[in-house]
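Undergrad: Take the sequences, apply the hints, and build the full model.
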Amino acid sequence: MEKKDIIQSFKDSLFTGLIALALFGPIVGLRTASKGEGLFITTQWGLVFLLVGLCILGRFLINLNSARKTEITFFSKLTSKFSAITEDKAKHFAITAILFAAVFPFLPFTDRYFMDVAIMILTYIMLGWGLNIVVGLAGLLDLGYVAFYAVGAYSYALIATTFGWSFWICLPLAGLFAAFFGILLGFPVLRLRGDYLAIVTLGFGEIIRIILINWYEVTNGPDGITGIPRPSFFGLPFKRSPDEGETSFHLFFNLEYSTMHRIIFLYYLILVLALITNYFTLKIRKLPVGRAWEALREDEIACKSLGVNPTNTKLTAFAIGAMFGGFAGSFFATRQAFISPESFTFIESAIIVAIVVLGGMGSQTGVVLASIFLIGITEMFRDLEQYRMIAFGGAMVLIMVFKPKGILANRKPTILMHGDKK
Amino acid sequence: MSNLLSVENLTMKFGGLTAIDDLSFDAKNNQITSIIGPNGAGKTTVFNCLTGFYKPTNGQMFLHKEDSKISLRKYTDFKIAYVAKVARTFQNIRLFPAMSVLENLLVAQHNELMVASGYSLFGLLNLKSYRDKEQLAVDKAKYWLDIIGLTHRADDNAGDLPYGDQRKLEIVRAMCIEPRLLCLDEPAAGLNPKESAELNKLLKFIKTEKQTGILLIEHDMSVVMGISDHVVVLNYGKKIFEGTADQTKNSKEVIEAYLGVDE
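Heads up: the sequence lines are chains A and B, in that order. Position in the first sequence (first residue = 1) + 1212 = my numbering. Under my numbering, the second sequence has 126 at position 129, and the numbering climbs by one with no breaks.
These are computed hints drawn from the structure, not numbers from a lab. If you're wondering where the values come from, they're calculated on a predicted model, not measured in any experiment. There could be a bad hint or two in this list.
Selected chain A positions facing chain B (Cβ under 8 Å, derived; list incomplete) [unchecked claim]:
id	residue
1	Glu1429
2	Val1430
3	Arg1497
4	Leu1499
5	Ala1504
6	Glu1506
7	Ala1507
8	Ala1514
9	Lys1516
10	Val1520
11	Asn1521
12	Thr1626
13	His1630
We treat Cβ as the ideally placed atom computed from N, Cα and C, and that holds for glycine.
TA: This is how it looks when you write it as structure tokens:
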């Protein structure tokens, strides 16, 4: 490493510090405090200088690292090793992960909190896999995916509370409703691509949320829907004292009553739903329609010149992606037993898109890793309250610095002529 | 030899600009018809009209089938390739770069495979009828890859191929839809002499072995003169000459259009 490089990267870091100063100066440096009968400005320059110093140092280290042209940092070493392992032994990795997920509720350290986090991570994994069809495979950047999650949750909640049908009837219905909304969104955006598509889908997500707030007669507006039936274990409810003529889960199996039963059941429910999503995606990727999605992502004009119908292809992608969002939504509704429009804000869409992009577009394993990483980290820092969003942002920055194409970016062909060479 | 394509009084206007002006020509089965002309003569616009990317202002284009003829005007977009079986390649190569060579060729057989997979239902159930059809599609891809000598790279990404191979791949990808008319937009652009010669061989093979007429836009005169059966020369959207390659070479109008007139 030459002296020139060091000076250069030092200059660069000083410049970064300047930008940081301009940003942190007013945002962090000046605070309003209410004292007596008015607002006063207090300053906290010490903190500003600390932050600016950190920025300079961080930038300098990144520069040093890239100047050496070899990836030596712990993080990138770890991730490249990790992606190598997951690619070489994709099958083993998947089986191990599924086995681990299957025994997870019975591990000694697993308590209620761990289960809740695991259920949340699995919900996001399922959403990520659903969105992966639209964003990763078909290349349609959908920033309003939460709309389908909301449609699924609300249709489940409304059907279940109105007709009293069981979870297993309402789930497919909710999926169908969401798929229908997927097509509804699909039609007006057929001609749009990239940024324009992103903006329209973003608007669609907001439209659904605002309808949910304002259509008071049906959705109960901002108050949300309460008393959504819990799922039952094939007809056996998880209740301490079942109604007349009913047997509950713990009585049937002669167990001590515990709320954990329901949690564990919910965990397996979302695990199975997520695995179905994954299996379906892996299968359909190898079918003509899956290849057409990817071809559409690569070059729409070439697709047309080969006789691929772009309208149908896009609509199926939207519909199927939305359907899985709807399934996840029904699960969310039955788990919470209460839903309101507040659960379906833009930030949810943003998190799901982040999971897909950071995982590596189109990579199923990547979605799992990104979900665990992003949701897990925000959960881990829950005690730090307001700082946990910093952890979330930091995680994103780290991935983008070291793995700009996502954690796992390699794509495997859907069909091989010469078989696997390895 | 029977007519395959007849273009009658084709006119295409963009606002005040007339890109094609009352153009008529025919292309025959099992022949290579070249469209040449200086830059901006309207060659690619003719292609875009034929392949449904533009809707012509005026005029008709007919594709002749045994004893009937279909009007290409009626089809737009993907239907040109799907129904009328007119395939095309592009001036700037449009492969699916992140997909493998084999996948590129399978996407070209999308519509047959879609029916075979029962619109994904049979495929999801992994029925044998679908697997057989898929194998047939792979065999067809292999047949074409053998011809252009790329079988060993079938599983590599199309974007990783050398430029010349990408050109050839795009042509055989178009051939995978079993077109009746193949429109090639400057297939020799950027190729070295060896690659151009290979391209000539490939086009001659398609012409003689397949029931396909070829329409060719090209600047590379070694390609045009080497393989064309018929040449149409455009300048400023008008046809200024039509004839065999030899006639074209010696035509006064053509030389004037390319080199200008002595004052």
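Undergrad: Against each hint, give a clear statement of whether it holds in the structure.
TA: Taking the hints in turn, this is what the structure says about them:
1. With a least beta-carbon distance of about 39 Å to chain B, the hint placing Glu1429(A) at the interface is violated under the 8 Å criterion.
2. Hint status for Val1430(A): violated, given a least beta-carbon distance of 34 Å to chain B, over 8 Å.
3. The restraint placing Arg1497(A) at the interface with chain B is violated, with a minimum CB-CB distance near 11 Å, outside the 8 Å limit.
4. Interface restraint check for Leu1499(A): the shortest CB-CB distance to chain B comes to about 4 Å, inside 8 Å, so the restraint holds.
5. The restraint placing Ala1504(A) at the interface with chain B holds, with a minimum CB-CB distance near 5 Å, inside the 8 Å limit.
6. Because the beta carbon of Glu1506(A) sits about 6 Å from the nearest beta carbon in chain B, less than 8 Å, this interface hint is met.
7. Because the smallest distance between the Cβ of Ala1507(A) and any Cβ of chain B comes to about 4 Å, under 8 Å, the interface hint for this residue holds.
8. Interface restraint check: Ala1514(A) against chain B, minimum CB-CB distance 4 Å, threshold 8 Å, status holds.
9. Hint on Lys1516(A) holds. Least Cβ distance to chain B is approximately 5 Å, under the 8 Å limit.
10. With a least beta-carbon distance of about 5 Å to chain B, the hint placing Val1520(A) at the interface is held under the 8 Å criterion.
11. With 8 Å as the threshold, the beta carbon of Asn1521(A) comes within range of chain B, its nearest partner Cβ sitting at about 5 Å, so the hint holds.
12. Hint on Thr1626(A) holds. Least Cβ distance to chain B is approximately 6 Å, under the 8 Å limit.
13. Look at His1630(A): its Cβ gets to within about 6 Å of chain B, closer than 8 Å, so that hint holds up.
This entry does not satisfy hints 1, 2, 3, going by the numbered hints stated previously.
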